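> Protein chains in written order, with the working numbering: chain U, 1 to 359; chain X, 1001 to 1437; chain Z, 2001 to 2262.
Rather than coming from a laboratory, the hints here were simulated on the basis of the structure. Values in this document were obtained by computation on a predicted structure and should not be read as measured data. Note that CB positions come from ideal geometry on N, CA and C, so glycine has one too. Please note that the accuracy of each hint is not assured.
A partial selection of chain U residues facing chain Z, derived with a Cβ cut-off under 7 angstroms [as the list claims (entries may be wrong)]:
1. Gln119
2. Gly345
3. Met357
Subject to a maximum C-alpha distance of 35 angstroms in a straight line, what follows is the list of computed DSBU-like cross-link-like pairs (lysine-lysine) [as the list claims (entries may be wrong)]:
4. Lys326(U) to Lys2231(Z)
5. Lys1395(X) to Lys326(U)
6. Lys1215(X) to Lys1143(X)
7. Lys2039(Z) to Lys1135(X)
8. Lys1395(X) to Lys1288(X)
9. Lys2231(Z) to Lys1143(X)
10. Lys1050(X) to Lys1215(X)
11. Lys326(U) to Lys2117(Z)
Okay, here's what each chain looks like letter by letter:
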Amino acid sequence: MTRKEYLQHQKTQRHRRVVGVLPALFPREILWAADAVPAEVWDPPLAVSRAGAHLQPYICSVVRQSLELILSGGADLVDALLFPHTCDSIQNMASVVHDYCGLDTPCLFFYHPKAPYTQHSRVYYRDQLQALLERLQELFGPAEPGALTAAVEMGQRMYRRLGEMYARRAGGNLGLGNEEFYRVLRRGEYLHPEDFIAELDQVLGRPAPAAAPPGPAVILSGVVPNPPGLLSQLDRLGVAVAHDDLLMGSRRIPSRLPAEGDPLDRLTESYFSLPPCSTRSNSLARRAAYLGQLVEQTGAAGVIFLIVKFCEPEYFDLPNLVEELKARGVPSLVLDTETNQPYDGRMATRVEAFIEMIG
Amino acid sequence: MSFAAAMRYRFMKDLGAPALMAARRAMRKKRPSRPDPLFGPPLKSLARLKEIMMRHYFLARYAPGAHPVAWVTSGAPVELLRVFGFYTFYPENHGAMCGAAHMAPELCQAAEDHGYSQDLCSYARCDLGHYFTGKSPAGQLPKPDLLFASNNICQTVTYWFKALAHYYDIPLILFDTPFNFDQITESDLRYMAGQLEEMITPLQRISGVKFDQAKFLASLELGRATSETWGQVLQTMRHRPSPLTIFDTFFHMAPVVSLRGLPVAYDYYQTLLEELRDRVARGIGAVKLERKRLMWDNIAMWYKVRDFSNLFAEHGMNFVVATYTNAWAETIQYLDPDDPFRSLAKTYSLVILNNNLDHRLSLMERLIADYQVDGLVIHSARSCKPYSVGQYDLKRLLMERLAIPSVVIEADITDSRAYSEEQTRTRLEAFFEALED
Amino acid sequence: MSLFAGIDIGSLSTEAVIIDQQAAMVAAVILPTEAHSTKAAETALEAALEQAGARRPELARIVATGYGRVSVPFAHKAVTEITCHGAGAHHLFPGTGTVIDIGGQDSKVIRLGPGGKVVDFTMNDKCAAGTGRFLEVMAAKLGAGLDELGPLSRAARREVAISSVCTVFAESEVVSLVARNEPREDIIRGLHRAIVNRVWSMVRAVGVEGQVTMTGGVAKNSGVVELLEEKVGQPINVYREPQIVGALGAALLARDQARALG
Ligand SMILES: Nc1ncnc2c1ncn2[C@@H]1O[C@H](COP(=O)(O)OP(=O)(O)OP(=O)(O)O)[C@@H](O)[C@H]1O
Ligand code: SF4
Ligand code: SF4
Ligand SMILES: [Mg+2]
Chain U
1 MTRKEYLQHQ
11 KTQRHRRVVG
21 VLPALFPREI
31 LWAADAVPAE
41 VWDPPLAVSR
51 AGAHLQPYIC
61 SVVRQSLELI
71 LSGGADLVDA
81 LLFPHTCDSI
91 QNMASVVHDY
101 CGLDTPCLFF
111 YHPKAPYTQH
121 SRVYYRDQLQ
131 ALLERLQELF
141 GPAEPGALTA
151 AVEMGQRMYR
161 RLGEMYARRA
171 GGNLGLGNEE
181 FYRVLRRGEY
191 LHPEDFIAEL
201 DQVLGRPAPA
211 AAPPGPAVIL
221 SGVVPNPPGL
231 LSQLDRLGVA
241 VAHDDLLMGS
251 RRIPSRLPAE
261 GDPLDRLTES
271 YFSLPPCSTR
281 SNSLARRAAY
291 LGQLVEQTGA
301 AGVIFLIVKF
311 CEPEYFDLPN
321 LVEELKARGV
331 PSLVLDTETN
341 QPYDGRMATR
351 VEAFIEMIG
Chain X
1001 MSFAAAMRYR
1011 FMKDLGAPAL
1021 MAARRAMRKK
1031 RPSRPDPLFG
1041 PPLKSLARLK
1051 EIMMRHYFLA
1061 RYAPGAHPVA
1071 WVTSGAPVEL
1081 LRVFGFYTFY
1091 PENHGAMCGA
1101 AHMAPELCQA
1111 AEDHGYSQDL
1121 CSYARCDLGH
1131 YFTGKSPAGQ
1141 LPKPDLLFAS
1151 NNICQTVTYW
1161 FKALAHYYDI
1171 PLILFDTPFN
1181 FDQITESDLR
1191 YMAGQLEEMI
1201 TPLQRISGVK
1211 FDQAKFLASL
1221 ELGRATSETW
1231 GQVLQTMRHR
1241 PSPLTIFDTF
1251 FHMAPVVSLR
1261 GLPVAYDYYQ
1271 TLLEELRDRV
1281 ARGIGAVKLE
1291 RKRLMWDNIA
1301 MWYKVRDFSN
1311 LFAEHGMNFV
1321 VATYTNAWAE
1331 TIQYLDPDDP
1341 FRSLAKTYSL
1351 VILNNNLDHR
1361 LSLMERLIAD
1371 YQVDGLVIHS
1381 ARSCKPYSVG
1391 QYDLKRLLME
1401 RLAIPSVVIE
1411 ADITDSRAYS
1421 EEQTRTRLEA
1431 FFEALED
Chain Z
2001 MSLFAGIDIG
2011 SLSTEAVIID
2021 QQAAMVAAVI
2031 LPTEAHSTKA
2041 AETALEAALE
2051 QAGARRPELA
2061 RIVATGYGRV
2071 SVPFAHKAVT
2081 EITCHGAGAH
2091 HLFPGTGTVI
2101 DIGGQDSKVI
2111 RLGPGGKVVD
2121 FTMNDKCAAG
2131 TGRFLEVMAA
2141 KLGAGLDELG
2151 PLSRAARREV
2161 AISSVCTVFA
2171 ESEVVSLVAR
2181 NEPREDIIRG
2191 LHRAIVNRVW
2201 SMVRAVGVEG
2211 QVTMTGGVAK
2221 NSGVVELLEE
2231 KVGQPINVYR
2241 EPQIVGALGA
2251 ALLARDQARA
2261 LG
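Starting from the given sequences, assemble the full structure and let the hints guide the process.
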């Protein structure tokens, strides 16, 4: 089943709502509680034509392509659109869609507090969860009693499995190539959690591999692991991605999963345990420490930064992260990418040269 | 704060600065003034403005040690800082200065040499370039003790200021203002007011000064009165001919941006307002021949202000309103001394760049009507995503609704390397032709 | 006698170098790459063999590098030009700590550690400004030959500032400078300055240590070299035929690998 067929199936057979969600951090559990399936939009494979009439050339390809999808009928499939407050570009694009594009699809906005956090940040975050749930219920009807707690539990099951997948990969006993790992991971961007958890269980049930790849290990940092050609080249070079600091990846996996209590409190607690991220404006010290820790724990020989061209939050942190890594003797490679750019010779040369250097 | 530094600051403030100003005045007197073929006689207040800003930058050198120094973003609620006696410095204002002094390419390049992408906001790159090279058109900048930012203008400032916090190893206080997508809620207001109240403790600690409610209210009142007077200054431009051009206001706005909450800013606008009212009464226009009235959208192109000022005046066109300069007057009516924190939160979070695009469209429609605008120049600023994303739609919608001709210039606020003279000329000439028929 | 070959198939030029056991160069050729990488590699290697007076079976090992490195079926191994330019520069100038290779489509700055091992490198972003191609486009606009650029630039009396960072903008800027009758020499020097500023950011990013060696076709342009030397604040090593350094490095690696394999 393609992504589109799956989502249609969710609507017609399972009678669920589908909500198109823009990057990056959003409370999936709140959507699940309202019996909605979030369909995340990061890098739809479309040639941009319509979006160019709304966006300047200096706006990142994530925003450009997402808008293209919304304008070219992508919004027809969904019952609502959710825009998390990720960066200035998404913020304004949300407003362009909501205020200027004349769509019938309801547009929701989710603001998350920015660091440095104060004691009010948690209260506010919890308020925002509550408000989003109320808004979804206004649109889709009341949630079943207990649905929220069930969603929180489901989320925790999912995060535990993701955590295990990451840990086993870091230890070299997962048995998934880089390309396959991210293919599996990215299915979570639109699968209902029940289906996604089943797939994760299947992957985790496979026997561990006989031998680890021969080459050096690396850490990926950035927004999305694109272009996929990069991952398959790393596979060919025998290089394992030992861990990541990707916005779509580990930056969305909380480290605390409180066992009981009020469901919104549990979600809040988890949210504030996420790894540091540019889009939450966490301090450079925390970000550098996190990366350094990933390198240390996995014994990775280097870090590859996959920066989406024009991405302000990532660009700003980059020089310091590179500097800090250098100070720790960890080499890094910075690649400027567009989400749908082919993996060309220029990029291949850099990646190979980097591997030759650290190998 | 050190006693010696405090004495030195006092000395410079009481004697050094006035001496410098007097010297400048003496120098200026020698220059003969000729009537200009394009523009009305220069404003008398202009000399005062230059003095005020020069004095501000001059004293900046002596502030560290004598006063706690805060670097502040243009949209932060500085009224609160005034209570603690902070010397405030505005990196964005400094960025504008770098742009006007044509120093931005050099400073931006220095930041790029340190790994900062050339696609980042050029105010930030100028500032970081200064950090790496120590160069600035203002001589020496006061080393900060505190960074005070609000993301009511963009998220960029939070990224930028957190880099500064890292380099200078000093605290960063952020006033986080949820974007107004639909409406601001009770919870948003509680969150923002709560942050403002919570800031008091660290501000007391950093400054060594105790919070004083009466002082706070006085500073709020002064800030309010300053913004209000600034609004009245802008309103004089509703008259035909307008006594000011928007290019003038790009400079006259400096006190309301960076000296708000201090008596000097308020006094300045009182004087300016008086002079402008007198000009209106006598029918003196800033541009001798004001055939068409225009609106400017987005931040200035600082390296082009003079050229554009001449170019448009030559065509008998005057910019009489800008969404940019208006931003420091737009929301001041929300301020309420009986509910200082919540109303301050409202005032600061509903500014144009923290507000949805529907709001921006109606604001522009209103300004176009109030100021009798014939055409619109849209500066698409590479640096500034929150100001620029949505402009293409604004152009289209304003054309549909009001049939108002407009032109988009793809450029930047300070980095002239992202600006093409040839391309812009062609677009502007086509725009002039469209305005004429 | 066993020989070792290195072939560098760049975006514009293809080089083949053959060395012997003692790393002495016995042949070196430079040809345009044109449309077909495999064919270019084949032709260059044949020409080099002929120059060396050797036959194909005498080649113990062949390493391919450059853009077309993956399209050389007869090569034993493909290695990136970063590693090869590093190896070649280290061999020619053993004190080299930083290598600047400006080719047609890419510029690279490479930091070398002990033994010529690459410890850091950077490459230009997608934009063509700061590469040899940019200079070719501008030279064509100004009606100057490539080999005239250096002498013209050094004869300039002033320097016209080129403010645009983008090739497309810079091109229209050059057009208007020509229209304003700015002397060609001054414009060329301004263009060289623009390139050098670009490359300098990259040099800063990896740092300067020890001697600086420049490789690739643009090293033939004395105007660029001179301005770069000014920036670096020390003389820059340029081999008499800077375009072959990558191929030489590849040949050296072929020799090392053959030894390691026994
Ligand atoms: N005689 C010359 N004088 C000055 N410059 C020259 C001369 N010959 C070549 N160049 C410059 O060298 C460039 C080509 O360099 P080179 O042959 O190293 O490129 P390449 O290796 O094919 O490209 P890349 O490494 O980017 O794939 C040309 O674009 C030109 O600017
Ligand atoms: S890639 Fe960066 S700029 Fe683009 S949407 Fe994501 S966070 Fe925003
Ligand atoms: S120019 Fe725009 S992005 Fe830069 S600081 Fe100002 S508001 Fe923020
Ligand atoms: Mg080459």
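> Indicate, hint by hint, whether the structure satisfies it.
Checked hints:
no. : hint                     : verdict
1   : Gln119                   : violated (41 angstroms)
2   : Gly345                   : holds (5 angstroms)
3   : Met357                   : holds (5 angstroms)
4   : Lys326(U) to Lys2231(Z)  : holds (24 angstroms)
5   : Lys1395(X) to Lys326(U)  : violated (47 angstroms)
6   : Lys1215(X) to Lys1143(X) : holds (26 angstroms)
7   : Lys2039(Z) to Lys1135(X) : violated (54 angstroms)
8   : Lys1395(X) to Lys1288(X) : holds (29 angstroms)
9   : Lys2231(Z) to Lys1143(X) : holds (29 angstroms)
10  : Lys1050(X) to Lys1215(X) : holds (28 angstroms)
11  : Lys326(U) to Lys2117(Z)  : holds (17 angstroms)
Violated hints, listed in ascending order, are 1, 5 and 7; each of the other numbered hints is respected by the structure.
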